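Enquirer: Sequence:
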Amino acid sequence: MGVTGSGKSTFIKTATGIQDIAIGEDMLSCTSRVVPYRFKLDGHEVVLIDTPGFNDSLRSESEILKNIANWLDYSFRNPPRIKLSGIIYMQAITDRKMYGSSLRNLKMFKELCGENPLRNVVFTTSGWGAVRLTGGYHKAVAHERQLCEAPEFWKNLIKRNARVARFEDSPESAIAIIRTLMGQKPLTLQIQAELVEQNRNLVDTRAGNVVDEELKALEEKYKDQLAQVQREMREAIEAKDVEIQESLEVSRAEIMKLRDSARRAHDDLHYKSRNDARAAQSLRVELREMRSNMERMRDSQDKRYEETLDRQKQEYEDAAMRLKAERIEQQMQFQGVVDQLRANQSRIREEERTFLEARIAELESRKIGKGSTTELLTALAGTLGNVAMIALGFPSLFGAESFSDMF
Numbered sequence: 001m002g003v004t005g006s007g008k009s010t011f012i013k014t015a016t017g018i019q020d021i022a023i024g025e026d027m028l029s030c031t032s033r034v035v036p037y038r039f040k041l042d043g044h045e046v047v048l049i050d051t052p053g054f055n056d057s058l059r060s061e062s063e064i065l066k067n068i069a070n071w072l073d074y075s076f077r078n079p080p081r082i083k084l085s086g087i088i089y090m091q092a093i094t095d096r097k098m099y100g101s102s103l104r105n106l107k108m109f110k111e112l113c114g115e116n117p118l119r120n121v122v123f124t125t126s127g128w129g130a131v132r133l134t135g136g137y138h139k140a141v142a143h144e145r146q147l148c149e150a151p152e153f154w155k156n157l158i159k160r161n162a163r164v165a166r167f168e169d170s171p172e173s174a175i176a177i178i179r180t181l182m183g184q185k186p187l188t189l190q191i192q193a194e195l196v197e198q199n200r201n202l203v204d205t206r207a208g209n210v211v212d213e214e215l216k217a218l219e220e221k222y223k224d225q226l227a228q229v230q231r232e233m234r235e236a237i238e239a240k241d242v243e244i245q246e247s248l249e250v251s252r253a254e255i256m257k258l259r260d261s262a263r264r265a266h267d268d269l270h271y272k273s274r275n276d277a278r279a280a281q282s283l284r285v286e287l288r289e290m291r292s293n294m295e296r297m298r299d300s301q302d303k304r305y306e307e308t309l310d311r312q313k314q315e316y317e318d319a320a321m322r323l324k325a326e327r328i329e330q331q332m333q334f335q336g337v338v339d340q341l342r343a344n345q346s347r348i349r350e351e352e353r354t355f356l357e358a359r360i361a362e363l364e365s366r367k368i369g370k371g372s373t374t375e376l377l378t379a380l381a382g383t384l385g386n387v388a389m390i391a392l393g394f395p396s397l398f399g400a401e402s403f404s405d406m407f
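For the sequence shown, the positions run 1 to 407 when UniProt numbering is used.
Keep in mind that the hints are not guaranteed to be accurate.
Calculated cross-link-like contacts (lysine to any residue; reagent style SDA-like; alpha-carbon spacing at most 20 Å) [claimed, not checked]:
#1 Lys-107 / Glu-152
#2 Lys-83 / Gln-198
#3 Lys-139 / Asp-95
#4 Lys-83 / Lys-139
#5 Lys-155 / Glu-111
No lab work stands behind these hints, which were simulated from the structure alone. Since the structure is predicted, the reported quantities are computational estimates derived from the model, not experimental observations.
Whenever a hint applies, use it, and build me the whole structure from the sequences.
Expert: What follows is the structure in structure tokens.
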């Protein structure tokens with residue numbers, strides 16, 4: 001785990017030797033979902049799980065938490081009830097400052113793990129090979145010391161038996177870190193206990209509460225900004241300053257859009273269901289973008305470009321998902337799909353089962369015909385996500401062959 005650019009995918013690629021792992025050369029996240037990578041070490045099969053960072057460049061923190069929580073939930077809820085032997089938390093040693101996203105990610109990480117599993121955690125700094133070549137070694141050592149000794153960073157976690165290691169950009173270094181965790185007793189993470197053993201909804205977990213409070217704060221922030229813009233607009237109207245009015249109208253529209261995005265992210269965390277897959281997928285928001293809203297306003301050209309890319313990406317995902325659902329409809333009748341969903345619904349959470357039955361009932365209340373199966377599968381996939389749909393017996397919607405491919 002770790003923020004975007006901390007070296008997670010690089011670590012896995014270096015340790016496993018798997019060459020087709022995408023690595024970002026800038027701050028755009030290459031890891032968009034939870035992905036397992038298997039390899040052999042000392043006669044054992046080791047599985048490294050790559051996760052998206054909570055400052056992902058394309059998705060909201062609520063969506064990322066939901067993605068990670070779903071994987072941890074379903075892998076623990078269903079046989080063989082997987083527990084993690086360890087977590088490697090990555091931090092780029094070249095990041096001289098811990099930005100807001102890094103601190104939020106660390107707070108999220110603490111609540112996701114809980115107290116007991118910290119002895120299975122290794123805080124790993126990356127980029128040491130690069131700083132040795134560029135002459136920044138002494139500054140990197142000072143930064144490492146700050147991370148270990150500052151209470152707001154790792155100090156209190158190290159006191160609870162978390163460890164610290166350096167990833168030297170070499171296979172030997174990565175393997176040495178993995179070996180320190182291979183002998184550890186697998187432990188249940190706090191979020192796994194909350195979701196599976198205590199049967200909580202995601203928003204009611206401690207990690208979910210962190211994101212929920214953040215989204216509430218963002219909504220309040222945008223509310224205050226709108227009030228300020230409206231006051232300035234009244235003054236501009238009284239002064240008959242058309243140029244200022246036009247500028248304020250642009251700002252007002254942008255803030256309203258950001259506020260609405262925060263609300264949608266909040267709804268997504270609460271599992272508020274939408275009426276169709278497209279609306280559910282539109283919950284993808286970029287919290288990092290929200291936090292830098294005023295800076296992005298100054299560059300409208302870049303903003304239009306980003307919106308175009310996001311829209312094209314969403315349209316592509318919608319079209320690809322619908323095509324896969326149509327292929328399933330060609331092979332299975334509507335009732336066969338419903339039977340398969342219900343046969344596997346014990347693998348998913350109660351609130352997701354409720355949504356599943358509601359969608360089935362809605363379609364059954366109408367005349368079942370061509371397109372009904374496609375409509376059902378795309379609606380479920382858009383709201384429940386890839387892990388739930390694989391658990392329900394439809395891995396082909398996401399390019400997998402079976403439920404076991406998640407692990």
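Enquirer: Sort out whether Lys-139 lies within 20 Å of Lys-83, counting only the CA atoms.
Expert: Distance of about 37 Å is beyond 20 Å: violated.
Enquirer: Compare the distance between the alpha carbons of Lys-107 and Glu-152 with 20 Å, and conclude whether the hinted pair is satisfied.
Expert: 9 Å, holds
Enquirer: Keeping to a limit of 20 Å between CA atoms, is the pair of Lys-155 and Glu-111 held or broken?
Expert: 16 Å, holds
Enquirer: Holds or violated: are the alpha carbons of Lys-83 and Gln-198 at most 20 Å from each other?
Expert: 17 Å, holds
Enquirer: Does Lys-139 pair with Asp-95 here, judged by a C-alpha cut-off of 20 Å?
Expert: 11 Å, holds
Violation of the numbered hints given earlier is confined to hint 4; every other hint is satisfied by the structure.
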